[in-house]
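Chain by chain, the residues:
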Amino acid sequence: MRMTIMRALAAGLLTAAASFGSAWAGGIPAGYPSSYADLVKAAKAEGAVSIYTSTDSAQAKALLEAFSAKYPGIKIEYNDLGTNGTYNRVISEAAAGQVGADVVWSSAMDLQMALATDNYIDLYVSPEAKALPAWASYKDMLYAATVEPIGMIYNTKALPEASVPKTRADLIKFLNDNRDTLRGKVATFDPEKSGSGFLHHTNDARATSTFWDLAKAFGAAGGRTYSSSGSMKETVVSGENVLAFNIIGSYALDWVKQSPNLGVAFGTDYTPAFSRVLAITKGAPHPNAAKLFIDFALSRDGQNALASNGLPSVRTDTDKGFNLATLNERVGGNLKPIALDEDLLEYMKPQVRVEFFKKWKASLAGS
Amino acid sequence: MATNVDNSPAVTSGSWVQPAARPPYLRRRLDAAPFRIGVIGTLAIAVLGPVGLIVYQSFLDGPFFSPRSQLSLDAYRYILSDPSFYEALGTTVLFAFGMVAVAVPLGSILAFLLTRTDIKAKKLLEILVLMPMFISSIVLAFGYTVAIGPSGFVSIFFRETIGFVPWNLYSLGGLIAIAGLSHVPHVYLYVSSAMRNLPSDLEEAARSTGAGIWRVSRDVTLPMVLPALVFAASLNILLGFETFGIPLVLGDPNGIMVLTTYIYKLTTLFGVPTYQLMAVVAMVLVLITLPLVYFQRRILRHSRRYAALGGKGGRTTSLKLGRGGQVLALSLIGLWLFVAVVLPIGGITLRAFVDAWGQGVNLMDHLTLANFDNLMSVPSLFRGILNTVLLSVVGGAIAVLIYLLVGLAGHRNTGLSNTVLDYIVLLPRALPGLVIGLAFFWVFLFVPLLTPLRPTLVSLFVAYVVVGLSYGLRLLQGTLIQVGPELEEAARTTGATLGRTWRDIVIPIVRPGLVGAWALIMIIFLREYATGVYLMSSGTEVIGSLMVSLLQTGAMDTIAALAFISILLTAGGLTLALRLGAKVHD
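So the sequence lines, in the order shown, correspond to chains A and B.
First residue of the first sequence? That's 1 in the numbering used here, and the numbers climb one at a time after it.
First residue of the second sequence? That's 1 in the numbering used here, and the numbers climb one at a time after it.
Take the hints with a grain of salt, since some may be wrong.
Below are the DSSO-like pairs computed for lysine-lysine, each with C-alpha atoms no more than 30 Å apart in a straight line [to be verified]:
1. A:K75 - A:K139
2. A:K336 - A:K130
3. A:K130 - A:K282
4. A:K173 - A:K361
5. A:K359 - A:K61
6. A:K359 - A:K349
7. B:K265 - A:K282
8. A:K336 - A:K166
9. A:K359 - B:K265
10. A:K41 - A:K70
11. B:K320 - A:K358
12. A:K349 - B:K265
13. A:K173 - A:K336
14. A:K358 - A:K139
15. A:K361 - B:K265
16. B:K265 - A:K216
17. A:K361 - A:K216
18. A:K75 - A:K320
Simulated from the structure, these hints should not be mistaken for laboratory data.
Quantities reported herein were computed from a predicted structural model and do not represent experimental measurements.
Chain B extracted, bound-state conformation (with noise of 0.2 Å):
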């Protein structure tokens, strides 16, 4: 939930993109097996060792640490006849959907353009539109509070200008709306890809009989990009069903409750911890959203079929918009630009500098830099930021490498391992960040060998890994599948075994790739907020986690200032993506 900004299962791999380009399958000899074998094994170990305790946890009736604890089903008894379950259920539902309601629209409408239109300032806004995709929901919803809560800064000028405020931002619409925006790029990802390798010829076709643009669009190019349509919307719905951060923070003041902030009440309603029931509501999690990751492999195996409709070598022209057009779709995406992105930020970074705010305050009396002073002098937060960096950035380089070695084993495997590896890689996406984050933290409290690295960023890190593995498997396997066939099997015809081709043909030819890897998989832990609250201790803390331990006792000025630096290093890392060339476009 807090990391992946994208959940898509692994094996999507960018494939949309190319249609029909299945390789003639290798030979498959033994030599590479123990390789795939000894990494396969390994991440099922790493993923099914937490998963499998947080399942056995589920069938308690106590801790499963509790000498008193017994197989039991009152866990799933209480859950079930729980009101407030079904209540934060059948919100989770509108939630995930009404989420799909907004973020599919819009993104299908914003890849259109940007993809098959002749609109200014593409290479800009290529960029600018994945901008709500890297920073950290927790510190959006912040943001959103100081702009447009009933007294922020935005509310106040439209209470002043027009006597009224005509939104209610802690309301389930106001939840959705913010949720579904911030969640526009995810869309846009998946629909644009589709949309740039569709030959422009049958829309031409369309525009010489006198279609218009908007006819055309609809009646050529959706149906084309239908299932990507389909696997985006899925996406939205798995990713609404994990969301925290927003819910957490904007659901409070109404007492709206979604799973996961249910699963996190649950730590404080009966005093003492109910590991039981925490498990339980994560598995439901996990029943739900599996089929979900079910059903989108199986839609990207007909989309195959779609997509092979176009056929190779069509050129792609771009439709003209006109000038009223022009100014149509820019301001639409300016819009959008300002809500999901101008109004967060913009929202935090005045908190950040100010000890009041809200209606009869005069900011400019307020400005300070007193926010910032703790984040020096008090050693855990300042200890926050350098681990937050140190993490993202070397942590980032070795996940990379890890995820290569993962991506190497399924490279090209069509056995057993890799339909295995495939459902590995989903298991993890399927939980809350929470709730792995408190498994790691038993499997690093209670495995023998493993308990001296604990205090240290070491376990982090790994939970990190596990946490991101759906997302930069999906990258490195992006990059990976470019390797054309044809060389991979020079090699082996002349005598190359499988693992000198990899050195000596496959990781040359992607190490650009890698880099891009780098950067994005850095954004993604620095973002990252949930994974470590249960498992940081002094001197592992991070930002995010930071941020959610510090809303405890609501120490606003400090969360405000950490925001601000978590965005400031955002910022960073993504201009070091681009200058490295990451191709955040798939």
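Bound-form chain A, shown alone (with noise of 0.2 Å):
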């Protein structure tokens, strides 16, 4: 455990550093208003800021400690609650007038933008709203953290690289004729128990003409579906699938770092990305360190520190792991990112979804 506490230290050492070393003019960050100063005062004596999120801990720990780092006084409440969690917490705490949470930080894009049009939501303009592209944010509400691609994991002693498919029509054209050796081996998220995993297909529905030709290919091989994209690559790993797709690509890109036996691709015609949304609640208790931890990890530092522990930057200015930039490169150039906008409401009408199951489950049943 000693290397854990060095290298915790380590790490702190080197982002107060890289704090001290940004541009800072009389305190406050270049480009920032020059009221900034108050803001980060009105934080300090406000003394904490609680996080409702579905982003497990340990991969926000850098950022944690980066914001730990650069404004001491403000303790981190960080709530992992999952996706649906989340959301739950968040309007049952509003329908009680107790509302626990200052920021709340979503992968689920569509329960995100559900709570901003239903008003669970407090406007601000970010003085990093700038530095980020035109679809990564909503109305000042909803700011997008992250920029993480949707791809396919498999298993390099079953499946050698030559053989993987690297377009859309490859992996259905693969499936469809390796129906019998791939049966029962080939995996996805199951839209019914998984809010991203929902996201990944319905955005995949909306965006290209091929994705039901791909849930029946699918379905033909005994396709198995997964709550989670860990469980996914956990059954990948040792060999009880072959391949895994529409699974979170930046988990993955992380994964193959350890795991020898793990391969991950991206289709080179599109690989369609998602993003952890940040929002302020309304009634926040406290607002002002809300707005510092936002603007915080829309910084350039904040960016870095995400994209060091494996989710990329959303801008194009960072150089730790991957950015906007060289993740569209290392995806083969057709990255497309789910935009926050609110076409991602059309799938919470419960009759639009009910559709949507019925004919997923149609396609895997092989109708």
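Hints in hand, dock the two standalone chains.
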């Protein structure tokens, strides 16, 4: 354990040094309004920021440590509740008049959009918003903090790199051609059980014309569905499944570093990407600290911290891990981030949802 | 489901054991009435509040806190016309009965071997056979995946030696086998305490007329413990209806769904929460399980007649197994222990120390301690371990005191309030821990004076006490009932009040029993995972619920490390329990 502590200390020192070195004019980052010092002061007086999120604390560690190093007086209360847990808790607490979250940070882009349009989110114009692409924010309420490619993992012992499908059409053909050898050994998200899986699949259904062909090919190969990327990785690493598609590729880029028998691939014709979306709750107990946290998470330092933990930056001027530009290169040049707009709400309508599930089940059953 | 090792209603209190020992009723005096009514009333509020909320929620068309929600039967209509619901219901019934078919025969055989025969290493085995009961079923499920899943180390060994793997862990049959094997101790506990008190003269008579040992067990022993068997079977059906961890993990790949995982799925199905649908399924579970519990109470009443057949004072002598019998019996138990304990614990231990496994992976190359790094450096995980220990050790002690108060309120209480107490205790048993946790989350969110307690461990503690109520109370009632009524009567005739009698006579006598109960409650709280899923927040994380929430992203490295820690803590708790002389056997 001593190693761990040493490493944590070293990381803390590094980030502290980094933030010291960044451009601060009179304690205010360059490009920030001059009144920002008041915001920092007010946030420090609040002394805490409470975050409801779907991101594992291990993955947010670098960001949280960097924030604490920069603003030592502000304690972070980090609640990893999952996507649905986050949404449920925010609306329950709002109804009870007991708002506990300052910042809601969730990968369920659709649920975050629902919170924004249903009046649970406060307005805030982040000075960092200028550095983000236009699709990455919504009406001064929602800000995308990451851009994470949706891709495929495969077992390198069962599937040599040369035969890995490169495009969506290849994947469909591959599933159809190898139907018998792949039987029961292909995996993807179960959209009924996983909010992320639902987003990935429905986004495909909206953005491509071949999604249902893929679903049918998957069904015909006796594919199996899972409720998390991690459990799919476990089965692909162990050889139980040969490949898993539409999984969270940012995790996969990290996993392949440790597991020699795991490979990752992205569609060169089309690689969708989702974002973890930040927002400030209406009635937040620590509104100033919340603003400070969002600004920091979107800043170059914050984005570098996230990217160093495997969550690629939505900016293009960061140098750790992947950023929007380098990621696009890595996945073959056709990165298509899911935009933060009201189209996300389409699949929140119960009717549309039920229709989607029906069609999904029918495709899997082979009709 | 998650918590209770044992679902029997509190009223059972080990009364198989003392046939026909009903004490003469103490004069009912009013001096205990305020205490009884106070305790039972408080308990009623703590249980009926959240349960009532669930009932109310099931009759609405939206979350109960939404101003737009109205009274409606839509939720019932939706659930009762959803094919997935019936599929889940059917699977649950198969699952529960399948579990009984595996657990009851095995548990009875174990009980017979350990109580009626001269099997070797009896003392050690009596402890070992209970092991599966103390491991959280979610940990078991993860362990089995690594051991005997399609790419588990045992499966790979089979594939390499005989060319194929003769089982499929992710099938309904696989789930039933795993659940059945891990519920053997629940059957063993009941049947063994019934068998232990049977006088052996009847068996000896049969032996002396030349009947073989299996004939004796079938024609003599079995009929006499039949009520215990029926009781254990109904208990297992009850447990089967509420199992969550095993189907959550092992049912996922092939989409096998039972009612509890169907509830869990309802949280994501519509994107936004559909509490009314979850509440309806919870109601269905209550409607199925309450009659079962009622049925258990009835068997229990009859059992007294059965057990009285033997009379008292019969000396028990052991049947001789003989050399071949010993070998056969010991290898049977050994095989079962290997499958039910060694495989899952081995699996999870292995997974906790490697970063890759499966076909073609040399585990030696992947040994690592890195999985444990996060536990120390990520505050929430580290807190989760501390909180779990705190909640089990300190919370367990306070819980025992609470159960003692409740136990005293029901002690030698023959009034109406005791019947009320019985049913209050049963109610939380009939609901999945996940739903109870959610109901308590609401209670702590919307009841004005309670809101400051929500972000503290107190909220989890209260929910745990309610979820563990039936088991805890049964432990304490079992202890209280052993106090000879004549001691209490002596005190009363010399003019002591009931309170004084309890304080000066009953409590000092049961004190060793309390310590044992504390250790057992500690283990129950350690292994709990479902109740905290909705209730925990930053600062109140617990290991079990952390594993469920980590499962959403699938951080298996961290989950395995947490599961390993959980097993270590349980082992520590169990050692302590045995040191303190906990009577694991009822």
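For each hint, the structure was consulted:
1. A:K75 - A:K139: Holds. K75 (chain A) to K139 (chain A) sits at ~29 Å (cutoff 30 Å).
2. A:K336 - A:K130: holds (20 Å)
3. A:K130 - A:K282: holds (23 Å)
4. A:K173 - A:K361: The given pair, whose Cα atoms are some 21 Å apart, holds under the 30 Å limit.
5. A:K359 - A:K61: Violated, at roughly 40 Å.
6. A:K359 - A:K349: The hint holds at about 16 Å.
7. B:K265 - A:K282: With a Cα-Cα distance of about 29 Å, the restraint between K265 (chain B) and K282 (chain A) holds, given a limit of 30 Å.
8. A:K336 - A:K166: Distance of about 16 Å is within 30 Å: holds.
9. A:K359 - B:K265: At roughly 18 Å apart (the allowed maximum being 30 Å), K265 (chain B) and K359 (chain A) satisfy the hint.
10. A:K41 - A:K70: holds (13 Å)
11. B:K320 - A:K358: violated (63 Å)
12. A:K349 - B:K265: holds (18 Å)
13. A:K173 - A:K336: holds (22 Å)
14. A:K358 - A:K139: Roughly 34 Å between the alpha carbons, so the hint for K358 (chain A) and K139 (chain A) is violated.
15. A:K361 - B:K265: holds (15 Å)
16. B:K265 - A:K216: holds (23 Å)
17. A:K361 - A:K216: holds (10 Å)
18. A:K75 - A:K320: It holds: about 26 Å lies between the C-alpha atoms, which stays within 30 Å.
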